[in-house]
Structure formats: C-alpha cells, structure tokens
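S.K.: Going down the list, the sequences are from chains D and C.
Position one of the first sequence corresponds to residue 29 (this note's numbering), numbered consecutively onward.
Position one of the second sequence corresponds to residue 2 (this note's numbering), numbered consecutively onward.
Simulated from the structure, these hints should not be mistaken for lab results.
The C-beta atom is built at its ideal place from N, Cα and C for all residues, glycine as well.
Any given hint might turn out to be false.
[As the list claims (entries may be wrong)] As a list, the in silico EDC-like pairs of lysine to aspartate or glutamate whose alpha-carbon atoms are at most 16 angstroms apart:
(1) C:LYS76 with D:GLU370
(2) D:LYS453 with D:GLU503
(3) C:LYS76 with D:ASP439
(4) D:LYS667 with D:GLU642
(5) D:LYS267 with D:ASP226
(6) D:LYS704 with C:ASP107
(7) D:LYS424 with D:ASP55
(8) D:LYS704 with C:ASP165
(9) C:LYS59 with D:GLU658
(10) D:LYS133 with D:ASP55
(11) C:LYS76 with D:ASP366
(12) C:LYS59 with D:GLU477
(13) D:LYS490 with D:GLU477
(14) D:LYS161 with D:ASP123
(15) D:LYS424 with D:ASP457
(16) C:LYS59 with D:GLU390
(17) C:LYS59 with D:GLU714
(18) D:LYS667 with D:ASP613
(19) D:LYS487 with D:ASP439
[Stated by the list, open to error] One side only, chain D facing chain C, incomplete, derived with CB under 8 angstroms:
(20) ILE367
(21) GLU370
(22) PHE660
(23) LYS700
(24) PRO703
(25) LYS704
(26) TYR705
(27) TYR709
(28) GLU714
(29) CYS719
(30) ILE721
[To be verified] Some chain D residues well away from chain C (every beta-carbon gap over 12 angstroms; in silico):
(31) ARG60
(32) SER69
(33) ASP71
(34) LYS394
(35) SER454
(36) MET464
(37) ASP568
(38) ILE603
(39) PRO619
(40) GLU642
So you can see what is in the structure, the chains are spelled out below.
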Amino acid sequence: MAKIEPGMESMLDMYFFETNSLLEQLDEILLRTEQANAFESEDIKEIFRIMHTIKGSSAMMGFDNLSVLAHKAEDMFFVIRENPDVITDVSFVYDLVFQVSDSYKAQIEAIQNNVGGEYEQTNFDELIDKLIKAKDKLSSEASGEAPAADNAASAASSSEKPANAAQEGKVTVRVFFEEGCQMENLRAFLLINTIRDDCSMLEYYPADVETNSESSKEIVDHGFLISFSNKDNTNHILKQIENALNVQSYEVISTGEAAEESAAAAPKAEIPPEPVQAAVKTEKPAPAPAKPAAPAAALTDSAVEKAQAAVAAVNQTNGSQKQSLISVNLAKLDALHDIVGEIITTESMVISNPDLEGLELESFSKAARDLKKLTAELQDTVMSIRMVPLAGVFQKMNRIVRDMRKKLNKDVDFVIEGEDTEVDKSIVDSLQDPLMHLVRNCMDHGIEENVQDRIDLGKPAKGTLKLSAQNSSGEVIITVSDDGAGIDPEKIMEKARRQGILTKPESEYTEKEIQNLILLPGFSTNEQVTEFSGRGVGMDVVKANVEKCNGTITVDSKKGKGTTFIIKIPLTLAIIDGMEITVGDIVFTVPISTIRESFKVETEQIVYDTGGNEMIMIRGVCYPILRLHEKFLIDTEVKSLEEGILLLVSSDNKDVCIFADRLIGEQQVVVKPFPKYLARYNIKGEGLSGCTIMGDGSISLIIDTNTLIG
Amino acid sequence: MTNDVIKEAVAKQQSGDRKLLADNTVLGKVMTFNIGEQVYGIEIQYVTEIIGVQRITKVPHVPNYIKGIINVRSKVVPVVDIRARFGKPEIPYNSRTCIITLSFNDTSVGIIVDSVADVEDIRTSDISATPENKGVNSNEFIQYMIRSGENTTKLILDVAKLLDEQEY
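Using the sequences and the hints, build the whole thing.
M.R.: This is the structure in structure tokens:
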C-alpha cells in the first residue's frame, strides 16, 4: 500500500490526463505500426519519447514502480532506436509493450480511484524482468549484426550526434577466460595482441594487464572488457576472440554509441560493468534540443525533460505547427452549457413577455431578432465545444479486436468508418462500454470458429468486423457489424423458452422481435462462457447504457450472413425545437422533429374498429387516435375531437394521431430531466422524457413519442 | 454533526436518564409549521427556502400526494402535500399556505404546509422519543418530539425518510 505524497494532489489531475493521453497515443502508434508490421524510425522515436515523458512525470509524482517500468521500456526502445533492424520477432515486442501499457493503465486507474487515500502498489518486477531480458536479447542481436545495423543506426542518430559520427562502429565485448587457467592478465594481453592489427581503434580494461598481475583478479571477477572498432569486419574479430586460447566465453554488451559514450566519458578506466547502465548513461547527457525551453531549465529535471519532449514532438511533426489545443475541465463546460440554457430560457421570457402583448414595438422586435440570432450562434458554439470525435473510442476497439484476434485465433479484418463523426463528450463516455461489449460479442460469437464453415458458405476465409458512425438528421448512427454466423432464430427461441422470458405465444413473434430478445437481461446463447463474453450480462447492459443517452439499439441479423447492431443517439441532448400544446391546464411540448402534421378534424372522418377504438383515415392510411387527456388522466373541457386538434406524430415503430386541446406555438426549449425524487415512478416509461421551463416561468412536460405510443 | 448529537440525546432520553431533564444545551434549531392544530418541525439544516404557493404543474403517473413540479429559480422541484402524505383531509390553498423546499443528499423536494410558524432552539431537556406506535401513518416520518410549555409537543420530521422513502 502506498499513499500519494501530500502536496502532489493538485498535480494529479494533470498527471492523469497527460499520462492517459500519452498511453492512448502509444496504443495508437502500436496498432498502426503493427498493421504495417514494421516500425518507422519516427514511430520508434515517438514511443521512446512517450516512455521518457511518462518516466519523468511518474518519478516526479513519486510513483516509483511506474517510473521504473517506463524506464525499462525506454531502455528497450533505446536499443531499438539505435538499431532499427534489430527487431526480428516483431510480435514479441508488441506484446511486451502492450503489456506495459495495460499495466500502466491499471495502476493509474487504481491510483485514480483512491485519490487522497491509499492505493495498491502493483509489483511490476516480472514485467520489468521481461523487459530487461528483451533488451539484452535485442542488444546482443544488435551487436551481432553490427556491421549491418551500424549504417542504419548512424543514419538514425547522426542528426543528434554529428560530433561523434567519426567514431561509429565501436563494439564492446566482455571476455571470460577458462576457470583456473591462471595468469589471466597475460592471456588478456595476448588476446589484445592478436586482434590489435585488425582494429582501427582498441581500448581495454583493466588497462594495465601487461604490467600489473593484480589485474588478474579483476578479470576473473568481472571479465575482460575490450572495446574496438573495425569498420570492415567485426565478425572476424569476434571470431578471433572466440578462438583465442583459454577463452571460455564472451558477450557483446553494446555496439557503437553506448560504449563510445562511456569510453569518451571515462577514456581510461570506467567501462561500466552493466549493460543497462551503459544505455542509461548515453541517454542522460543527451544534447539538449531544448534551447527554446531554456528559461525552464531552472525547473525540475522532469520539467526539462518534458520541455525537451515537447520541443522534440513539435519538431518531429510538422515543423512550425503551433499548439492550438487547450484542455478544459469538463465541469466548466457543463457550467457554460447550463448558463446558455438559462440564457435561452430568459430570452424567451423577455421576448414573449406578457407585458409586451398588443404593443407595436418595431425597434424592439428588430433587437430581439438580433439577440435570437446571437444566442442561437452561442448555443451552437457551446455545443460544438463539447463535441469530440468518436475516433478515440473507435481506436480502443481496435485494440480489443487485436487482442481477441490473437487469443481466439480468428482471422478478422477490422474496418473503421466515420471515426471523425463528432458527438457530445458525455455520449462518447457512455458509449465506450456498450461498443466494447458489441465488438467483443461480434468477435466471440459472431465470427465463425471454423474457417471452413465460412468457406462452405461462400464467404471469404477472413472475417470482417466493421465499426462505422455517421450523422443523419440530428442523430448519430453507430453500427457494429460482422459477416459471421448471424443469429439463429431457433436457438434464440429455444433459449428464451428455457429462460422463461417470452411474454406472448411463440407463433406471434416476428423474426425482428426474436432477434431483439437477445437484448433482454439474462440472455446469452453461447454455450461456453469465455473470457470475453457469454456471462449473460452484457447485451442488456448495452441496451441500458444506450438508453441512458436517450438512444436506441436494434439488431439486424441474417443467419449465415452476419449481424448488425444499430445504435441511434440524438445529437443534441439538451435543447430541442418544440411545439407547445395544452391539455386541460397542463402544457406539453412535442419535439417538432416527431410531428408530421397537425390538423382539425370532422366527425365524419373518424372511423371505429370493432373494439370501439377511434381511428382516422389520412390519405388512405389509417392511424389510431390517442387522447392525451385520457392517457395522462387530465381534466379538460375539450373532449370532442372536433373542438380540439390532432397532431400526427411518428415514433420509431409507428405513427399515431395525438389529440390535444389547443396548439400554442413553437418554442426552442431546454430539456431538463425530472427531479431525482420522481425517478422511482415510471414517468419516463409512459410517454414523457423530461420537462422544460417556459418563457413565463411555468413548466411544460416534454412528450416522448416512442414511449407514448410503444 | 448536529444530527448525531440529537440522535444521541434522543437515545439517552429513551433510556430514561433523568439528569438530562436539567440539561439546557442547545443542540440545533428547528423550523416549525402547522398542519391543522398540530405543530411539526424540520431541522433547519434541511430547509432551503420558503416560498408561497405558485402554479404547480401536475405530473401523471405519480401518487396523489405528489402535487406536481414547480420552477424555483430555474430548478425543477417536485412538491409533496404533507396533508395528503399523512393521510389527513386536504384543504384548499390560501394566502398562508407555504411551500418549504428541503434538500437532502442532492434531492430537493418542496412540502406544502398550512402555514409556517417559527424557528426555535432544540434543547436536550425538551427532546423525547416518539412512542412506539407504528399503527399511525404519520408516525413513521417522525424522528422525535420536542416538548414546549405544558401541553404542546412538536413533532420533528425525519427528512431522510420523507425524501428517501423506498416505494415502488
């Protein structure tokens, strides 16, 4: 258990934000490059920079385990950066870095959930161990193929270290002699003499092997360090070392840069005994590209590091592109949003003030019109501030698909469309879980286990999972679709029968209704519960989550062809154009987007079905009539259809004429939820979605046609 | 917390600790109001404000004691008629009728009362626990009682219960 240092709390938010966005960036790079199956040198530098920044800020915040983890990952990428060709087993590196990223996220979440309290400090030793091993492996591979790697390495680093360019190609080797062979110092001296002629430069430690017999002990304990450079044939020299008398083993601890730096720092003696340290040393005195950040130099180390990273990032991307983004606390935006809502309400209060009734106010009306235009613009702007692209969420799905592809061993193409579609921030947040469930479901249940099954059905062997988003008339439509096995209506029916969730005779269920049964709580058809899905929670949670942001979800599936989930979410939650109608002394607001027409009716037009239900025929189509005063049990004098007014409104499923006393007019209204106290009553399920405060300060109830009719 | 102090005092009173009768410590304040002849009270920390009766918008599909919702400075607040809630006969609202808005755990509710009376101190010596008489409907909302004078008892409402009641 550990506690966050007092005084650091204020920085925590910033740290979380920064680290999380860096980790997301990291995931994005990894996913992108993994598809291409190769690291670009830009990407490697970027990953290195991310790890470096995270290391710095974690250390500053006192999260030692995180800092060490980042450090080791950074070390590994240091080797990769210097020797881009060294990666032979790409997927191994990816898995490792993904593990690092995941562990990081988990730990940060743990800290985040316990701000001010104690949190469990995860032990990353195992992972760190893996990283060190990977790094060692890479660096030994790097020196093994040094001649090939050197050119690339020098190309990659030449911009950073032009001064040292002349010394490229230096290799450091640690040699161990056979145990008990005696006089190690002289054997070392002989070895040096053997290879001297082939080397353009040669240094060794201990340096006084020829004269000082005491150095034998040092060689026995720590090995004999030779660093040499040979532009033409490193392997030849290594062979010579290998074959020299009494040499038991040798290891290449670093190529070029690392050794040369340390040699330069301590020309005579101090060749560091640990490969890891060598890497650290070279990175520490990195020539500061932070000239522009010079004033910041007085700050802490990590601040400087950050500045460097930032400068480097700017340089790396588009040269002169300036930072044009700021991060704002969401609470402030919410407050702004609320104020705009109030302004719009107040504006209506002023402009349609009862005191003005019957007055001819030319100049006032003109000013009022201008004001209206401006507030509308203000509203649009504020809404757009809160809009964020779905790309972030979609990118995370990419990650999930990647992991599952590996674990389930299913070959799937993941296609993303319309990730730049923008939706309200609050929607993005609440969409993440539902989408994750859907994508997992598609991967797990949707795509066939057996490739042959696909081929038999005439489908390509490789499955396709598609995630797309688009804007359409005030709604965002998000679809998750696969071309897998599809939903088998019979299986669903059977399962539903077993679970006892059927509410009417089986024969009355349409195919669509059957498919939508899977959205009910406690439904999961997969025989086996897997790591990813099948626990029977999920689809109903998805539905609940989507409905929380006033959205709807439907399933469309064809057996053998695939399954599509369609999520529709209204773009703007808070402000709608409404038509005010009265029933008795209650004012209702009907969203204009749902109204098709409104009209007076003659008694002759009314038809009755056998149950005595009223219906009306409009242009050859028969619509049921729903009397609002009956639905909501309101006392009103207007009971005859001729006296009142009918509105033809549409919902997702069908159209209905609703009967009200009178139309008042059109108004833009700010939707407010019902007070919490009323949440226990089923108001929302019975045709009302919320309420709004009107110009005169009274409250109007907003009708939700979907639940009203449904 | 005042609340804890009062609870403790109520518990002590219940155990029949005679010493407390002489204890004049002020534990907090209550706002008192009338429903018919009976005086009720609500601990002052729950009271947000007192407003006259204004236009109440009815809401369908709720129990009859929830009279609807009102607009209190751009906030939508539900209102409960205390008479109806306690199963007493309802009377028409007049100029003395008030809505007291209460807030508890982020829930705001207005209660309609016949008239608002006073704000007074809660003293340890005056507190007494409610008799164990669960049969009476209104009793479940009474947290404790305050005696004042010879024959008057004020019933202090349990706001948590009043606002957070679980009823489906």
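S.K.: Hints first: check each against the structure and report whether it holds.
M.R.: We went through each hint and held it up to the structure:
1. C:LYS76 with D:GLU370: holds, 10 angstroms
2. D:LYS453 with D:GLU503: holds, 15 angstroms
3. C:LYS76 with D:ASP439: Violated: C:LYS76 and D:ASP439 sit about 54 angstroms apart, past 16 angstroms.
4. D:LYS667 with D:GLU642: Distance ~13 angstroms between D:LYS667 and D:GLU642 Cα, so the pair holds.
5. D:LYS267 with D:ASP226: At roughly 12 angstroms apart (the allowed maximum being 16 angstroms), D:ASP226 and D:LYS267 satisfy the hint.
6. D:LYS704 with C:ASP107: holds, 8 angstroms
7. D:LYS424 with D:ASP55: holds, 8 angstroms
8. D:LYS704 with C:ASP165: Holds - the C-alpha atoms of C:ASP165 and D:LYS704 are around 10 angstroms apart, at most 16 angstroms.
9. C:LYS59 with D:GLU658: holds, 14 angstroms
10. D:LYS133 with D:ASP55: At roughly 11 angstroms apart (the allowed maximum being 16 angstroms), D:ASP55 and D:LYS133 satisfy the hint.
11. C:LYS76 with D:ASP366: holds, 11 angstroms
12. C:LYS59 with D:GLU477: Given pair C:LYS59, D:GLU477 is violated - Cα atoms ~57 angstroms apart, limit 16 angstroms.
13. D:LYS490 with D:GLU477: holds, 11 angstroms
14. D:LYS161 with D:ASP123: Holds, at about 14 angstroms.
15. D:LYS424 with D:ASP457: holds, 12 angstroms
16. C:LYS59 with D:GLU390: violated, 38 angstroms
17. C:LYS59 with D:GLU714: holds, 15 angstroms
18. D:LYS667 with D:ASP613: holds, 14 angstroms
19. D:LYS487 with D:ASP439: Roughly 13 angstroms between the alpha carbons, so the hint for D:LYS487 and D:ASP439 holds.
20. ILE367: violated, 10 angstroms
21. GLU370: holds, 6 angstroms
22. PHE660: holds, 4 angstroms
23. LYS700: holds, 5 angstroms
24. PRO703: At about 5 angstroms, which falls below the 8 angstroms cut-off, the nearest Cβ of chain C leaves the hint on D:PRO703 intact, so it holds.
25. LYS704: holds, 5 angstroms
26. TYR705: This hint holds: D:TYR705 lies near chain C, its Cβ roughly 5 angstroms from the closest one there, short of 8 angstroms.
27. TYR709: Since chain C brings a Cβ to about 5 angstroms from D:TYR709, closer than 8 angstroms, the hint holds.
28. GLU714: holds, 5 angstroms
29. CYS719: holds, 6 angstroms
30. ILE721: Constraint on D:ILE721 satisfied, holds at 5 angstroms.
31. ARG60: Check passes; 44 angstroms lies beyond 12 angstroms.
32. SER69: holds, 54 angstroms
33. ASP71: holds, 48 angstroms
34. LYS394: The assertion about D:LYS394 holds, with a minimum of 28 angstroms to chain C.
35. SER454: The assertion about D:SER454 holds, with a minimum of 18 angstroms to chain C.
36. MET464: holds, 30 angstroms
37. ASP568: The claim stands: D:ASP568 keeps its Cβ more than 12 angstroms from every Cβ of chain C (closest is about 19 angstroms).
38. ILE603: Given a closest Cβ separation of 14 angstroms, the condition holds.
39. PRO619: Correct as stated: the minimum Cβ-Cβ distance to chain C is 18 angstroms, above 12 angstroms.
40. GLU642: holds, 20 angstroms
In this structure, the hints that do not hold are numbers 3, 12, 16 and 20, in rising order.
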